[in-house]
Amino acid sequence: MYLADSRTAPGVPDTAGRAPSPGRRAAVPATVLALGTVSLVTDVSSEMVTAVLPLYLVAELGLSPLGFGFLDGIHNGVSALVRLVGGRFADRGPGGHKAVAAAGYGLSALCKPLLLVVHSVPLIGAVLAADRTGKGLRTAPRDAMISLACAPDGRGRAFGVHRAMDTAGALLGPLTAFLILRAAAGGYDAVFTVSGCVAVLGVLVLLLFVPGRAASRGHRTPAGKAPLRAVSRRPEVRRLTVCAALLGLTTVSDSFLYLTLQRRLDLSEAWFPLLPLGTATTFLLLAVPLGAVADRFGRRRLFLCGHLALLGAYAVLLVPLGDSPVLLWPALALHGGFYAATDGVLAAATADAVPEAVRGSGLAVVQTGQAAARFVCSLAFGAAWTAWGDRTALAAAAAGLAVSAAVSALLLRPAEPLPADGPPAPVR
Amino acid sequence: MNLKNRLLILVAAVLVLGGVALAATLHAAGRAAEKDRARPGGPRVSRGEVVLDAPGRSVFRNMAWGPHRDEIASVPAADPAGPRTSSGVRCLRFHSAGGTGICLQAVHGGLRDGYRAVVLDARLRELRRYDLAGVPTRARVSPSGRSVAWTVFVSGDSYAGTDFSTRTSVLDLGSRTLDRNLEDYRFFLDGRLHKAADINVWGVTFADDTHFYATLATGGRTHLVRGDRTDRTLRSLHSNVECPSLSPDGTRIAYKKRVGGAPDDAPWRLYVLDLGTLRETATAERRNIDDQVVWRDGHTLVYALPGDYGSDLWSVPADGSGSPRVTMPAALAPAFTG
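From first to last, the protein sequence lines stand for chains S and C. Sequential numbering from 1 applies to the first sequence in my numbering. Sequential numbering from 1001 applies to the second sequence in my numbering.
Keep in mind that the hints were calculated from the coordinates and are not lab data. Take the hints with a grain of salt, since some may be wrong.
[Said to hold, decoys possible] Have a look at the derived ranges for each label pair, beta carbon to beta carbon:
(1) S:27 to C:1258: 30 to 38 Å
(2) C:1282 to S:172: 46 to 54 Å
(3) C:1005 to S:399: 39 to 47 Å
(4) C:1198 to S:172: 28 to 36 Å
Here the structure is a predicted model, which means the values were calculated and not measured. Note that CB positions come from ideal geometry on N, CA and C, so glycine has one too.
Excised from the complex, chain C in its bound form (with noise of 0.2 Å):
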């Protein structure tokens, strides 16, 4: 074949290909245009105040399609069908107790994006702004408003192939001291002084403002620990617990366990362990679970699933019993005031 030949290929493939890249950019444009528009039958949201203290209220990430998609909403907790206000703060993640809000969020860069947490006060303004390493992926806060965790993880460099790794971050409001690194922690397995460069530490869920529950994985395992934040220690108290979640009692932890014979794919089934005789419960939810689970109250566990808007809302008793039922469609991430 001569060269004018092998350009012409050349030409007609760029041609082709081209078209096939632009139609499926324009197609994910028009697609990402139509869910700014909301979709008839989807939640109503409408613009107007959120706050962090006002009771009996649950505040979440909407996920409905919309102008108002993304950004911390609210709804009656009695009533979380009814109609939504959304208050223009867009987070990827987001949690509140006691006033505070801890909002994950993405920034539109020039070149690449980045992230940032936001510590926000009851009226959502911004307190203190840190920049992320990483995708968001949990976020905290300790009941009484004081302190904050999130986690991140860190990838997706040229050199770093697939090896994903996370950062967990503890911050204290009042002195306003950041643990940046809850590696950095020393980690007692089993009593024992435990070294090594694997350790990863995620999903903090906060006991009071000094003392919190983690997961933490080290040669191929997962650690529930219970971590100090004054003399930076972690404790293993039990294992195959990933994103813990403390009872408003404090006696139980909800979680993430990775079963056998579930499929591969579908590893995490949600459990309740009880921390004085470390008996674990099975919930009646029986699909997948990765998220960090919130406690409404002392008896029911609220957590995301794909759904139709990316992400719903689901509930099932803690103790075992009943079936599990979508409690808010569309919603990511939700915190429930007291």
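Pulled out of the complex, with its shape left as it was, chain S reads as follows (with noise of 0.2 Å):
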């Protein structure tokens, strides 16, 4: 185990562990893999329900899977809350991250059997409401558990490796569906009972060999009696906070994103399926890479730098450079690394800014903030769509974006140059 405090250890290696050799990067630390294969697990279990749900609905129930759509306003509220309140109880003591997160893990893993009995849209609706709860519960104690987990110049990494195995998990889940559906024509019961067989299995994993009191160095104290106040009144933290919203508020979602793809490059509906896993493959790709460029480069850096990927996916969809679809793969390509240089680089940078103790309510914070901006963005582009059409609505969140960006490395320019509270770079 490789475990440090960001603010007191200068990245003295854990004698518990296996110590790297000087001047070369430690492996990533075990609990890390473990935490990664736990969602690796548990995203082929919830993602072979995701896949098998509308055709389920459809073609075996015989209903109308439109009611989802009035209910998925709410959900997304609720997912932001149940988050900040996860990351909240997780700072409450020794092994309070892993309480969490295993809560949050089991009320997922309950929900698919629940899948058997619930028949109706509503009823179904609420089962996955459920699910989406016990997911927002635990992410923001699993990062903490990452982060403190690793030492501070192999964050990004870390969280590089179990961002892609999570892609990864979220890849097959699908293939699982329907090579079951395959063997069993309208089998969807046995998706459903062995999708939760597999999320209880990512539950075990996590009970098992993830450690249940991540920073055991002895000297954590617990958090304070408002660990969320303390949080956001650390400059460093608002400064994160305030730029993963801003540039989150210019974040276009990915629905809207692959809409103008494929009216832009008048692509044929077939296609249409196909898009998220292009981005998701880049993703997976480029998730471990990134992360380690930006244990060198700055995660800071890097995270304004994956939205200039965004913002080059953008250009692709606007600039007239005619309409071959052989501008999809840039288009994903730029997609996919936005999410790869961003989605655990921001954890890896917020880590680096939030004290061990808080280190839960810290995150839950910051990817609220993201999140929550994020969904505004939704609403906005959508009736900029509607005003002005989808090219000007994209334009405009381009130079929305281009503006945050600018602003944000204004912001976060003075922590840099990184590692600021890491171990010295090794000599060469």
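Dock the two chains into a complex; use the hints.
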């Protein structure tokens, strides 16, 4: 195990684990691999269900799934609140992170067998809402555990490994579901049962292989009475939250981006379900290398560069380059690269700015700020699309993103160069 | 606990959970195999020629277990319980009129399923095919057989959450032009041009080759709209109307209405709207209906409800009288030839 406190430990390898040889980078800590496995397994489980749900509702139950659309807005709000609660409770003492994460993963696992017994849109919607509540609960404590398990100079790569494993699970899930349906036509109950078994396995891996006291160096004090307030008083956290929210306000949601892409390149409708696969594959391939780059180049700097990749994706859709379907590839590559350079990297950057005792709360605050801003962006982009058309709306988003990136570059600059609180870079 | 014990627990759990998962899959596979054998007492189905222009027939998706499950089959309209003739063409959704058929079917790919719309001639030969973006849900042909419409649900992507949306396309077989997404039409709400990003259109029913009715949802409300292919417009006529179905004489619309006081998980009742007076009539069917109704003639509505084989066809008078009755067990998506 490779433990360190970002503020007090000068990157001394923990003697409890394999100490890396001097001048070389440590291997990814076992805790991170264990958490990555939990995420991979859990994502296989949840994406199995997501992939077959419409077909199940329409072809098997004879229902129309449109009712879900009405519930979606409420779910988004609840999920953001739950995330803050999860982060706050996780900081309440030794073992808190693992306990809250286990509750979150456990809740989601319980939801899978429930799908076997509910047969109407609102009830299925309620089960999915509970599933998302579990997701909201576990995210911040899980990221806190990842950050606490590795040395500050390896955090970017550790988060990259975790996000890559997570995405691999998301890609494997639908594949598993369709293999089951191939073996058993109409076997949706089998899909839900298998999904439940896989989810239980995820919880078990968490319970068995993730250490309960991630920060067991002895000097970790439980968070005070109001960790969320304490966290939001820290200027570094504030700056990071403001930037994440600012950039989130101009991050056009995936579905809008794919819709613009499809219209712009006049793609056949049949391509539509494949577009997220392009993004996810790029994310999978780039998450680890970009995480490692973040460790050397600076996490905040890479976070900004990731948004420049997003700006590049907007540009591909805006600049008149013809409408050859070949443009699909750079657009999706930039979009996947954006996720690879920002998703885990933001968590790593947040860990740099938040002391160990309130790590869960800090991660929850920054991530909730980002998520809420993206939700607002979705609403605003929808309105702009309606008022001005998709091209103008996207141009506005691109302009906004450029400004946000410039402001963020100014706001985040004083904390550079990295590592401010990590070990000195190895001498070459 | 040391590592060895933890690994032992993990291995034991993998064995148990793997066993449960395998048993569930084998059970489902066995049941699927059973569905390939005809069940005693179920409808008799045999392979034969199905045509779409022979008068007095009912053509539908056969849901009865056996080798012809999910194939388009036909019976005399006067004897719906009689022996079925099955065509060998498999469809999830089907409709036909004027000697043209539309079949929305699954294409079993290597890594994931795809879907396509296949336009069929009167002998069920493929005329044209189009790849679809999602799971098929509604299909209709215009009375003359020259225009075709279909609706799919788009969703199921990793990052899309539970937000479903629809795509409805209209195809003119004469000019071979395809309007891929009716959301591109201009929408007039109570006579005023209304723009919104959240518009969804589904459930087309044709008046003639260029005019149709459909459901349009925006801002959490559903509207009955009249569509015109020539000037690419949708105009609202009435609200709280889903999955309209136009009567043969073109004067009434049968539809799903979301009613107050009904349970949340079963909100839709079957109503008929008089287009001249906009007067609504509740039918004698009191159960929840989630289907696009078909008019068997000027007086009778036919619709699907869940049943032993997945789906049965029921009928009820359109004028609010009488009571619902099963007309054809183990069937879905019917069409009646002239």
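Against the structure, the hints come out as follows:
no.: 1; hint: S:27 to C:1258: 30 to 38 Å; verdict: 58 Å, violated
no.: 2; hint: C:1282 to S:172: 46 to 54 Å; verdict: 49 Å, holds
no.: 3; hint: C:1005 to S:399: 39 to 47 Å; verdict: 59 Å, violated
no.: 4; hint: C:1198 to S:172: 28 to 36 Å; verdict: 33 Å, holds
The structure is inconsistent with the numbered hints 1 and 3, although it conforms to all the rest.
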